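In terms of the working numbering, the sequence shown opens at residue 870 and continues consecutively.
Treat the hints loosely; a few may be bogus.
Unchecked claim - Computed list of lysine to any residue pairs in SDA-like fashion (alpha-carbon distance at most 25 Å, straight line): (1) K947 with F931; (2) K959 with E908; (3) K929 with K959.
These are computed hints drawn from the structure, not numbers from a lab.
Every value quoted in this text rests on a predicted model; they were computed, and no experiment measured them.
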Amino acid sequence: MGIVVDGTLLSAVILKESNWEKLAELIPNSSTLDVAVMETLNAISNAKKKKVIDEEVANKLFEALNEFANAMKVYESKYYLEKAFKLAIKYGINTYSALYLALAEDLNLSLATLDAKQAKVASKMGIEVINIK
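Sequences and hints are given; from them, build the entire structure.
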C-alpha cells in the first residue's frame, strides 16, 4: 500500500514525539512533498530556538531527516500548487495541508497525517486516511 506522509508526521518522527517509533514505520517507501522536509527543518530549528535541543542534537536530527528523505519519494510542490489552492479554497484549509491532499489524490495513495482537520477533508475527498493511534 502506498502512502503520502505529511510534514506533521515527519516532524513528529524526527523530534521523537509521542508514538514516533510506530510512525517511523510508515516512512520507508512512502511519498511526500519537498515542503514536508522544509517544515521538519523548521520544527528542528524551532526546537533549538526554544532550547528543547542543543546544536549538536539539531545537527543529528538534520542528518536523520536526510536519511528519511532519501528513503522516500519526494515530489516538488510547485506541480501541485494550483490544485492545492483550489482545495484550500473549497474546504477552508491551509494551502500546506491542501498540497498533501492534492498529492495523495493525484497519486491515488492513502494519507498519513497527525492533522485532524486535514484527515477529515481527506476522508470527504475519498482519500483513505491511515489511522494513527
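Do the hints match the structure? See the list:
1. Under the criterion of a C-alpha separation no larger than 25 Å, the hint pairing K947 with F931 is consistent with the structure, at around 23 Å.
2. A threshold of 25 Å between alpha carbons decides the hint, and for K959 with E908 the separation of about 24 Å falls inside it, so the pair holds.
3. The straight-line distance between the Cα atoms of K929 and K959 is roughly 40 Å, outside the 25 Å bound, and the hint therefore fails.
Hint 3 alone, counting from the list given before, is not met by this structure.
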